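Engineer: For the protein sequence lines, the chains are A and B, in the order given. Here the first sequence stands for residues 306 to 442, where the numbers follow this note's numbering. Here the second sequence stands for residues 23 to 168, where the numbers follow this note's numbering.
Since the hints were derived computationally from the structure, they do not count as laboratory data. These figures come from a predicted structure and were not determined experimentally. All clues stand as given, with none of them false.
As a list, the in silico EDC-like pairs of lysine to aspartate or glutamate whose alpha-carbon atoms are at most 16 Å apart:
(1) K307/A to E379/A
(2) K31/B to E126/B
(3) K384/A to D159/B
(4) K115/B to E379/A
(5) K352/A to E102/B
(6) K148/B to D159/B
(7) K353/A to E102/B
(8) K42/B to E62/B
(9) K26/B to D131/B
(10) K103/B to D357/A
(11) K416/A to E313/A
(12) K146/B to D387/A
(13) K92/B to E102/B
(14) K66/B to E379/A
(15) K35/B to D86/B
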Amino acid sequence: MKTYDQIEVGDELPRLTSKAISRTTLALFAGASGDHNPMHIDIDFAKKAGIDDVFAHGMLSVAYLGRLLTGWVEQPAIKSLDVRFTSITQLYAEITCSGVVERKFEQGDGKLIEVSLAAIDQSNDTKIIGQAVIQLN
Amino acid sequence: MLDKRDIGKVFPKTTAEVEKGRLRFFAKAIGESNPIYIDESSAKAAGYSSLPIPPTFLFSLKMDVPNPFKNYEDIGAPLEKILHANQSFNYHKPVVTGDVVTFESFVDDVYDKKGGALEFLIEKTKVTNQLGHHVADLQTTLVLRN
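All chains, full assembly: derive it from the sequences and hints.
Structural biologist: Right under this line is the structure:
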């Protein structure tokens, strides 16, 4: 288990890259996540709304960012996760999630670490930026 | 079109039960292979009372209603015009299989940019469990493209 003292500002989290997001990925994520918005699974609906094709759920890539974090620390240590969607994630995107320790600080009884997060596609186009706060002993 | 008069509007309270099969399906859908999210004995060995929910799954439980977009449609934000702009989670207590969580949401803010071409809706949600414990807070920002 990681401790507060083992972690330094500037440390990078081990990166995580998704498989290419297919229509099957989106169908499974729609069912499992409960987000049945047809913009992500029904090309006919997307075309009627004036776009060429379905696009990925933003929350799919946030789930990948969640995996990045829980692959690094135990989940109860995660105190917050805050993301901003910067562009639409297209079909066939391969999402790479990364995180960097930005700050270590103590608040009340807690020793906290702030991590900046990013999810980019294979063309280095940023899809999500965000941050997480993690509490360690 | 959104309406600033909806600021403060409280949406109907909803509840959802955390189910093991659904969590395994979610783990598969997001490529999660850590056994604590799939196998109950591994979760227990790691100190959880049952399978824990992954960090973003509260957002899914919140959508566990017949039409999760109805609240937005009712205040002028139809599905085909909305995009998710921001999402935050603040975690207070773990949520595991068997828990029943309640979502209490309200419209925190409505504003526009670019002369109304883009409208924004901020929704805040308090999440409690079956014991009445405050387990998390969520904040969702949607952008409406007019």
